[in-house]
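Colleague: The residues making up each chain are set out below.
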Amino acid sequence: MAAPLTLLMIVAVTVRAVLFRSSLAELISERVEVVSPITAWKRVIEGLALLDLGVSPYSGDVFHETPLIIYLFHFLVDYAEITFMLADVVTAAALYAAAKDYNKQVFRKQKFALEADRYPPDCLELIRTPLEMHYVPLKVAMFYLLNPFTILSCVAKSTCGLNNMVISLFILCTVKGNVLLSAIFLCLATYQSVYPLTLCAPAMLYLMQRQYIPVNLRRVSFWWFVVQYLFMYLGSLFVLVCLSFFLLGSWDYMPSVYGFILSVPDLTPNIGLFWYFFAEMFEHFRLFFLCVFQINVFFYTIPLSIKLKEHPVFLIFMQLAVISIFKSYPTVGDVALYMAFLPLWSHLHRFLRNIFLVSCVLLACSALFPVLWHLWIYAGSANSNFYYAITLLFNVAQILLVSDYFYAFLRREHHLTYGLYLKKKDGSEATLVLK
Amino acid sequence: MGLLSDPNRRQALIKLLTRLNAPICGMPVDWLVKTMQARGLEVFTQSFSRTLPFPDENTERYVVKGTNVYGILRAPRAPRTEALVLSAPCTPGDNNNQAVGLLLGLAHYFRNQVYWAKDIIFLVNEHDLIGMQAWLEGYHHTNVTGMDWSPLQGRGGSIQAALSLELSSDVVTSLDIVLEGLNGQLPNLDLANLFYAFCQKIGVLCTIQGKLQRNDWDSASGYNHAVQTMMLMVMKQASGRPWGDHGLFLRYHIEAATVKGVNSFRHYKTDATTIGRLLEGMYRKLNNLLERLHQSYFFYLLPSLSHFVSIGYYMPAFGLLAVILLLRALDLWVQLSAQPSRTEDGVAGTEQSNPGVLSVLTPLVISHLTGAALYMLPVRFQEVAVEHFPVSETEAVVLTAIAVYTAGLALPHNTHRYPDMGWRVLKLVALLYLAVLLGCTAVINFSLGFILALTLVPAAAYVTPHVPKALSAFFLVALSPACTLLFSVFFFQELQEMPVSFQDGWLLYLSVIAQGMLDHYLYGSLVFPLVALLVYPCWLLFWNILFWK
Chain A
216 MAAPLTLLMI VAVTVRAVLF RSSLAELISE RVEVVSPITA WKRVIEGLAL LDLGVSPYSG
276 DVFHETPLII YLFHFLVDYA EITFMLADVV TAAALYAAAK DYNKQVFRKQ KFALEADRYP
336 PDCLELIRTP LEMHYVPLKV AMFYLLNPFT ILSCVAKSTC GLNNMVISLF ILCTVKGNVL
396 LSAIFLCLAT YQSVYPLTLC APAMLYLMQR QYIPVNLRRV SFWWFVVQYL FMYLGSLFVL
456 VCLSFFLLGS WDYMPSVYGF ILSVPDLTPN IGLFWYFFAE MFEHFRLFFL CVFQINVFFY
516 TIPLSIKLKE HPVFLIFMQL AVISIFKSYP TVGDVALYMA FLPLWSHLHR FLRNIFLVSC
576 VLLACSALFP VLWHLWIYAG SANSNFYYAI TLLFNVAQIL LVSDYFYAFL RREHHLTYGL
636 YLKKKDGSEA TLVLK
Chain B
86 MGLLSDPNRR QALIKLLTRL NAPICGMPVD WLVKTMQARG LEVFTQSFSR TLPFPDENTE
146 RYVVKGTNVY GILRAPRAPR TEALVLSAPC TPGDNNNQAV GLLLGLAHYF RNQVYWAKDI
206 IFLVNEHDLI GMQAWLEGYH HTNVTGMDWS PLQGRGGSIQ AALSLELSSD VVTSLDIVLE
266 GLNGQLPNLD LANLFYAFCQ KIGVLCTIQG KLQRNDWDSA SGYNHAVQTM MLMVMKQASG
326 RPWGDHGLFL RYHIEAATVK GVNSFRHYKT DATTIGRLLE GMYRKLNNLL ERLHQSYFFY
386 LLPSLSHFVS IGYYMPAFGL LAVILLLRAL DLWVQLSAQP SRTEDGVAGT EQSNPGVLSV
446 LTPLVISHLT GAALYMLPVR FQEVAVEHFP VSETEAVVLT AIAVYTAGLA LPHNTHRYPD
506 MGWRVLKLVA LLYLAVLLGC TAVINFSLGF ILALTLVPAA AYVTPHVPKA LSAFFLVALS
566 PACTLLFSVF FFQELQEMPV SFQDGWLLYL SVIAQGMLDH YLYGSLVFPL VALLVYPCWL
626 LFWNILFWK
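Chains A and B supply the protein sequences, listed in that same order.
Residues 216 to 650 (this note's numbering) make up the first sequence, in order.
Residues 86 to 634 (this note's numbering) make up the second sequence, in order.
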């Protein structure tokens, strides 16, 4: 499998290199769907320039990335294009390895369940075969590398690519079972953008499952593991925060990075839900709605964790999707990351109900974003309502996609427990209704 | 009291007009500068040059050089934040002399009034649209089209509105207003209404699309007339070219229109004084604007100057056409997802539907490469073509384009491993692609989107490998973008009551293609890249489906 993966990486790098050299690169790096005030490369350059002048890079409300990023690019600014291409390649490789390992575990669990005779006899067609699972890791890598959203994000040199790399390395370490590295990479991801904090729960659930610790709130071993993981996580976070302080010599990166993400002062249009709402909100209610919108991102963690405690990798997928949809400054790079997971659930295809509608709407919205931006900003014939309508439609389609996969996943689990062709007590065929 | 009620001013205007009646080669830059300065304006010039990608059949040369002359009338007591523009293109010969004379007369009159709150820029541009593009790019500090221009020395504020004058004779019987701009963009309807209101007030006959208004809306012939006027507007908007100098202002969010004087040998004639009063009235109205014109519609179609069709009426028609494509796509999706459950062997079922997406990739890539060839080859290889064939550069470019277009029809179709399902997947992808493409086109340029939808949607929905091949191939070619353009050329000439013979029509068609390509390179018109890079490959996919073995 190494040869197709290498070929895929060569093709992906070639496409990105060709686009870097064309005149489209400048055009793409200006698009608001691809870069946000946090991830824009222009702002990184501005921060570097301020740093070279001896001034704090956070003065002037231009630069909103973390100090580690600015120090990384202090050394790598001449090789920026190679850095971003490498980040994409590393992300794809990490996702490939994670998918392969996850498939192995799924298959092993399935084998044990089959031998223990835990599946009803009529749902054998739902059992996954090694043949169908063979190409899934390659498809995961392909879905990430050749996704137009990822390519656009890389060509625009958006730092979202680096965030995706850290998150995918976190997923790899979690799936391999390495507790320390998982905590460290999650801490790096949280340090850059606050929202991966919610991925703590699925990470802990997965690692506990792997170490055969039962997920029971009354057991000491459960709490002991939670304490261990949180200690490693919070410890590395503390170390990173202090390191950033010593790198730049002041605490003013805290309000510029985390204050900016959480309090959303910049209302540049993007593909998220915040900008239009807060543009027309009275100052009096701003704090209230800010809290409501931000809690919305973190809110789904507990209920989803309780429902999906046996399936933490699916929980990671759902959490990544929720973060990409509801975060304060989303870009298409975030969308590309959770879309890379879709081949892992290709066996759910027969239970998906809305996939045609969702694909059509996502395709149409992606095409209409630049058209309505042009009509609003350049031609002056439309206004912000049109652009927000497309944003809303895009997010509704994403939510529909995620909830559809959730439904299909739960339905398959239900069939695996109770059988594929359900019968009522008198023997007639029953239909499954989602309440 | 109005313009030229003073006999001295009338004399001055007549002197100007007589002087300009003499044939001039090139533009009389020095004379214009001196005259404008004598009128009390701040005069500046801008020189520009542009290398055409291939020599225009009108000019027969590669490099176009020229000078724009403009004078700014500063508002006496207002801050210099806003401006209005009055422009007259100056072409060699005596094509537009009267307009320049009227412009200078108006400048003289406006100078003595105290009520101006905005600066007025009197612009005389050379080489029509090229000069106007250079001036606008210099004014707004953009460089969209790669033109070479000298920076502007003097500037007014942000331009609120602009009018362009085209008067070919000193006796005018009616005034025509031209609204269609680049890429089918239209000015705010308020500007057209303003013009019509003033024409009625002053008593000048006004037309749109060169046709008079009629009062009998109920009769069939009146309705016919209105439909013809509207179809002319649709044709002009769909071509994506600016039909007057005003067309280039619209891109910068400046409402603009062109006023053309027409001499149709009617009994009742209008003189320059009345036109001057009309323009003075319009400019006083525009002077009183507190904000840019945005209250009325930006998307409309005009069957006459007193009636309009808004976007709320005509967009559902397009929506229904697009729904045909979506329903067909849904039908194909249902057929495709019904397939795997019928196969007994689960492995073969997945093999059938899974590689479907990859098998679609080959026809997609081939058709897009052909589209890219259609976009790039004609201009790149014109020298090679001129060496080997006895044609001029313009003809070489156009004929290469037609040759590439026809060659695309003969492309090899890929080896089909999935004879039954493969074409369904390809058709599904092609239908969704066409629907999204037409939707985006209709939002930007409704007429172009609608004409393309009208011709492509029935063929796209109907075509499968199982329909009679010869007849369907004929219809598919007859409804392809190139033939649609050919029929539109003949139809346009019919609507303008100047029907052409087949030979003339063919030559006109070739010149239309050349003009379309030139518009793209000179002003950034989107019709040529849209058709070459997106619509033509989509059409090739349907051609591929028709000949699926």
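Source of the hints: derived by calculation from the structure; they are not laboratory data.
We put the CB at the ideal spot given by N, CA and C, even for glycine.
Incorrect hints may have been included.
If we take Cβ atoms under 7 Å as the criterion, some of the chain B residues that face chain A in the derived model are [to be verified]:
| no. | residue |
| --- | --- |
| 1 | W328 |
| 2 | H338 |
| 3 | Y382 |
| 4 | F383 |
| 5 | L386 |
| 6 | L421 |
Colleague: Can we keep the W328 (chain B) interface hint, with Cβ of chain A closer than 7 Å?
Modeller: Since chain A brings no Cβ nearer than about 17 Å to W328 (chain B), farther than 7 Å, the hint is violated.
Colleague: Holds or violated: Y382 (chain B) as interface residue toward chain A, Cβ cutoff 7 Å?
Modeller: violated, 9 Å
Colleague: May I ask you to test the interface hint for F383 (chain B) with respect to chain A, counting a Cβ-Cβ separation under 7 Å as satisfied?
Modeller: holds, 4 Å
Colleague: Under 7 Å is the threshold here; is the Cβ of H338 (chain B) close enough to any Cβ of chain A for the hint to stand?
Modeller: Holds, about 4 Å.
Colleague: Should the hint that L386 (chain B) touches chain A count as held when the rule is a Cβ pair under 7 Å?
Modeller: violated, 15 Å
Colleague: For the hint on L421 (chain B), just tell me whether its beta-carbon gets within less than 7 Å of chain A.
Modeller: Nearest chain A Cβ about 10 Å off; hint violated.
Checked against the numbered hints listed earlier, the structure breaks hints 1, 3, 5 and 6; every other hint is satisfied.
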